[in-house]
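Participant: Based on these hints, arrange chain B on the given structure of chain A.
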Amino acid sequence: MNFFLQPLTLLTFFPLLGILILLFVPGSQKNTLRWVTLLTTLVTFLLSLWVLGMFNASNPDLQLVARYDWITVAGWNIQYYLAVDGLSILLVLLTTFLTPLSILSTWTAVEERVKDFMIFFLLLEVGMTGVFLAQDLFLFYIFWEFTLVPMYFLIGIWGGPRRIYAAIKFFLYTMAGSILMLLAILWLGIYGGTFSVPDLIAKGSIPANIQMWLFLAFAAAFAIKVPMWPLHSWLPDAHVEAPTAGSVILAGVLLKMGTYGFLRFNIPLFPQASVQAAPWIALLATIGIIYGAAVSYAQADVKKLVAYSSVSHLGFVMLGMFALNSQGMQGAILQMVNHGLSTGALFLLVGMIYEQTHTREIKVYGGLWKLTPVFGAIFLIVSLSSMGLPGLNGFVGEFTILLGAFGSLAINNPWFAGISALGVIMAAVYILYMFQKMFLGPQGPIADEVKQHGHALRDLNWREIATIVPLLIFIFWIGLYPKPFFALMAPSVDKLVSTLSSVAMH
Amino acid sequence: MTQADFTTVFPLTILVLWACVLLLVDLFIPKDRKGITALLSALGLALTLGLTLTQIGQETTGFNNMVMLDGFSVFVNALLLISGLLGIGLSFGYIKRMNLERGEYYTLMLFSISGMMLMAQAGDLIVVFLALELLSIPLYVLAAFDRPKVESEEAGLKYFLLGAFATGFVVYGTTLVFGATGTTSLSGIVTFLGSNGTPGLLLSVGAALILVGLGFKIAAVPFHMWTPDVYQGSPTAVTAFMAAGAKIAGFAALLRVFATAFPSIAVDMTGVLWAIAALTMILGNVIAISQTNIKRLLAYSSIAHAGYILMAFVPYGNPDPLIRNQSIAAGLFYLVSYAITNFGTWGVVIALEKSEGRGLEIRDYAGLGRKYPALAAAMTIFMLSLIGLPPTLGLVGKFYLFRAVMAGGFTGLAIIGVLTSLISAYYYLRVVVVMYMQEGNPERSSESFLDLTTAFTAIATVLISLVPQFLFAWASAAVLKLF
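Chains as they are written, first to last, in the numbering used here: chain A, 1 to 506; chain B, 1001 to 1483.
I should point out that these hints are in silico values taken from the structure, not numbers from a laboratory. A few of these clues could be false.
[Unchecked claim] With a cut-off of at most 30 Å between alpha-carbon atoms, the simulated DSSO-like pairs for lysine-lysine come out as follows:
hint: 1; chain 1: A; residue 1: Lys-451; chain 2: A; residue 2: Lys-304
hint: 2; chain 1: B; residue 1: Lys-1371; chain 2: A; residue 2: Lys-169
hint: 3; chain 1: A; residue 1: Lys-115; chain 2: B; residue 2: Lys-1371
hint: 4; chain 1: A; residue 1: Lys-169; chain 2: B; residue 2: Lys-1031
hint: 5; chain 1: B; residue 1: Lys-1371; chain 2: A; residue 2: Lys-30
Chain A with its partners taken away, still in its complex shape (with noise of 0.2 Å):
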């Protein structure tokens, strides 16, 4: 009894829960399958708030252990290692934050096969919850793997029109990628005796020649997640396709996977690797930035506008976490979270409005400040938190990135910082671009032909604005204040930079 008692261990496994009572709810009380999902989900939260209550941001250490020989037979050594530190903490409350606010996001979105959707969506919460706190390799593989099949799914039965094509596009993109890792993580296994990380990285240096071949290799893993340029696209497809409130999840969290999983792996198990392979990693997240940028400016499709902006935004993140040094990481993990809540507070917008007029292209839309005034400036917002307007979250991440990436010794180029500036006006181009065509200016047709089907326009409802408000709160709470959160990570980010430094930087 006492394994399931874990703090971890019940909050990762928790929605499990909730998938057993919605099995024995029918499929045509969709009511009830919606709240049972939703109370899971805030549970869920609730007990990731006990987590963090019982965290000790002080320490730098991996917390609330949860540790159990799993498969330890025949020269293996494969661990049930559940923990939590400073890199992983956000991540994990971003996790469980964002998935009640999807859940309420799919209210009235979802209408087909709602028992399914729910099913698949706390599946999905489980391994992504489990993706941000398993420490043995194996155990790592196997939730990261999982959350393909419940997201291949949501897309693919929920999604849009070329929902088929944009499921299998991400899922063999993603399957492909995690091979090669699971190569390297044998090849680990068998060389360290052990799965667990922490074991490995005590363990010591690789020789260098292969550390670069096991680098690539779970480099090519997170990378197409995160996805760096040039690996990015199944990700207009995804995003596109996806019902809303799978775009939150795969934006909000799906990604960050992959950016996590090069902090948590690559750059502590492979320190040489990843000094020499900073510059190209800078290089990518240069491009990233840039080109996101532009051909998100290109975009007549709203959603693929922000998919592409989320091509830039993980670029600063990249920028920041191969600076290699604690401004530049700091500001990557909190630029994860904040694009998080940005462009996941984006998706549940766009998704809300076309929930009402079933169309996502820019130039339909106009002066529709003036019918919804709520929904407008909500919206300008969360935009102007994505472009990184000063004063709200946006800012405080892509700042602290660009003041590490200018003074990192591992990148040794102000080149990269200087042009990655360049793409936060960019995104200032791009966003207000789109602000203007669809809330400012004359009125577009959509507004009379939403009307010639019965009901005019409707700004948000109460439960959509229950659903965005929460998003509000912490993107001005890190936009003004941000040193809570500074404070989670820092110690653990500190401790990784100045190993980093030791084995990798003389």
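Facilitator: Coordinates of chain B only, in the frame set by chain A:
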């Protein structure tokens, strides 16, 4: 006949006797109550399984080293008997529904399983030949069981002709080995090579011919041509049994003969095995992409999986016994994972098959997710397992397998293995796409034993992947007795 002779073949003898008696008993069972025969066959298999399990940990040889009893043979026999039980579970309702219900169906299965068990225990090339015939001939008959349907007759004839040809290879290989070493006994070969040093070309050619013959049985490329036609033409329940049983037995014989008698020619053989494994994985998976018939798709999938299992076989000559044993254990583990998943998949296929071979196109599965969620969920689990994704046995099996291959120093082969798994994801997922993402109105046949078998295999596929310890331990303890 000494005590040891008797012990080594005890469960096998019981099964053969049971089958012989059942053949007579069946004459007195009225035509409309052939279920009794099925029940009695299952009982015989269960009894033999019980006897086999009491032999865990024993190690003896009988009949002058012609028949072996060791951890390996017990493991394989147990797996074969479980496969037999699952096979009967799939067949029971199916052959009634397809008007194939004749008592000898089950007896033939029992005889075939006896042959497979003998194959796993063979300590002499002559016994390998004997076992091969004993397992194959009933299968030829079973493949043509749906006579006078042309497809089934074609399947039976094709399987028979190519099978006889392959058996010829085994016999010819055996004679060459005999010519080189003066003996057909595995222990004799080891002794001869031990005292006479480096083997000649004759031995290598002989071994290669045996590889060809057995490669046919396990459907390895380039000896796979018969597989799609035979799998498609045979009654589906027979296909399910053939895909698992014949493969397990073929691998058992290959592993035993090569790892015991031929480690000294590993230098010559490793390259060949490497190439066969790689080709089998690539070809099986690539051709499967274009299949529209589920039976053919699964036929190519079974070829591909033969390639994966062959990977475990490539390091068989590694000087480090730990690596050697681990790769054999990985092969055995993968066989278990494949057998369980395989029966489950075919169970779903059987549930949806209608008379005259309808209901076997992949597009017939459209709408399954909505209409029969449990069946579709089971199929999804099996597809995930065949790809090698969590939370299924397939992932654990591949993990074990790739690790063994990498520990043996064949990283290139492991890379081919993972890349072909990626290819396979495409066509397995297509089945899932059709089931869940396309509209249709499939019709299932609900038969209690069939449902039970499918449910059992689905649960086993997930559950064993979460607690695989005991199977790991058992597989890695299932080592070959060496001389």
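Participant: Confirm or reject each hint.
Facilitator: Hint check results:
{"no.": "1", "hint": "A:Lys-451 <-> A:Lys-304", "result": "holds, 26 Å"}
{"no.": "2", "hint": "B:Lys-1371 <-> A:Lys-169", "result": "holds, 26 Å"}
{"no.": "3", "hint": "A:Lys-115 <-> B:Lys-1371", "result": "holds, 14 Å"}
{"no.": "4", "hint": "A:Lys-169 <-> B:Lys-1031", "result": "violated, 53 Å"}
{"no.": "5", "hint": "B:Lys-1371 <-> A:Lys-30", "result": "holds, 18 Å"}
Consistency note: the structure conflicts with earlier hint 4 alone.
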